[in-house]
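Here's the letter readout for the chains.
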Amino acid sequence: MNQVVKFTIDGIECMAAQGQYIVDAAKENGIYIPTLCNYPGVKPKGSCRICTVKVNGRMMTACTTPVAENMQIENQDNEIIELRKAIIELLFIEGNHFCPACEKSGNCELQALAYRYTMMVPRFPYTFPQRAVDATNPKLIKDQNRCILCKRCIRAIQDEKGRSIFAYHKRSNKVEIGLDPKIGKGLTDELAQKSVDVCPVGALLIRGRGFEQPIGQRKYDKQAIGSDIENM
Amino acid sequence: MSKPIVATTSLAGCFGCHMSVLDIDERILELIDLVDFDKSPVNDIKKFSRTCDIGLIEGGCCNSENVHVLKDFREHCKILVSVGECAIMGGLPAMRNGIPLRECLEEAYLNGPTVQNNKLKLIPNDPEIPILLDKVYPCHEIVKMDYHLPGCPPRADLIWEALIALVTGGEMKLPYEVVKFD
Ligand code: SF4
Ligand code: SF4
Ligand code: FES
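Keeping their order, the protein sequence lines are chains A and B. 134 is the number that this note's numbering gives to position 134 of the first sequence; each next residue is one higher, with no gaps. Take the position in the second sequence, starting the count at 1, then add 1000; the result is the number in this note's numbering.
Chain A with its partners taken away, still in its complex shape (with noise of 0.2 Å):
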């Protein structure tokens, strides 16, 4: 049997199997801890750093790093805080997120984010990159323009002979998701619908689809992301 370790969220007292992550851990006892390149299933990456939490004192994130017995783990402190906001604020900044005119809003992982932690305007000034849209692939419609880089469909997504449909191209800043041309032609509607639902952003569609639920009764319109954990 796995052994029970001890540790405290915020001065709170939690239980949780040793070896588990700290973001299923405080789930487990729930306390969210916000998430974006994670995806349950699926190996941690820790890319994107929001799940930055401290650990006796040191930013570890929270998605890569197992609980230890008597681990003091802070989640709500201010500079936690402020690195989450900014990190929000950079993806905003950094693609083109033009939230009125998109299909995942109201369903979108990073913009739930923003409005958890009520970003009113970015602090950093909008860069408008030049990203294209690809729509070659006859199920799924791929928007650089909105990916943040959290390869999770590179991570989750396979064929049914386990090869992988998406991939990085290119380098540095100028890096984006590729989707396998010849695969890809393949893309059964389950796996397109799967690698939708993986994305956290508006960056992969179903082609001819959107815009299906009315405002008022998506996804984060009244319940923030994390709420359902910490009412659990």
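None of these hints come from the bench; they were simulated from the model. Take the hints with a grain of salt, since some may be wrong.
If you only want the chain B side, here are some residues facing chain A, beta carbon under 7 Å, derived [stated by the list, open to error]: (1) Met1095; (2) Tyr1109; (3) His1148; (4) Cys1152.
Here a beta-carbon is modelled for each residue, glycine too, at the ideal position from N, C-alpha and C.
For chain A, the structure is supplied; the task is to place chain B with the ligands on it using the hints.
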């Protein structure tokens, strides 16, 4: 004591934010008890007649006239508020920011599917017409903006709460449902 004075304008916007101001419904009666309006499309006053306390700006800056009006507002208003996504980040007009200006104009006046009867292949270019900027700019990248109210348009409740807080000096209530980007 004289009432606080409010001015409003729509730059590169669609007037949706002004519509949202009207969406405060019967509270508009309360509002006119609380404040006076100066330059605004609501009362059709075209020029500032005095220094204002609050300026509400809808829309970003897409041309020289927008920049001129925005600077005029900064000069005449003690507090300037970016109202809506266009004022905050350029909004839908800024979707042209990735396209060279010439291409935009050629699409609009020469090559677009709805272009008719432009046999001389003219792109309007009269000194009377405000000159387009290379891209659409958020207001806070042109002048200092004091507050930002997101939304497309911002919910009427958000505009109302902000105005009341500014006028009364009270704390602003920000329930989860009112801060939205669409
Ligand atoms: S992906 Fe999310 S943040 Fe980006 S435009 Fe769409 S709704 Fe807004
Ligand atoms: S397409 Fe979506 S899932 Fe893939 S890296 Fe971009 S944001 Fe992440
Ligand atoms: S969720 Fe942990 S680094 Fe992205």
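Which numbered hints does this structure break? Going through the list in order, the structure violates hint 2 alone and respects the others.
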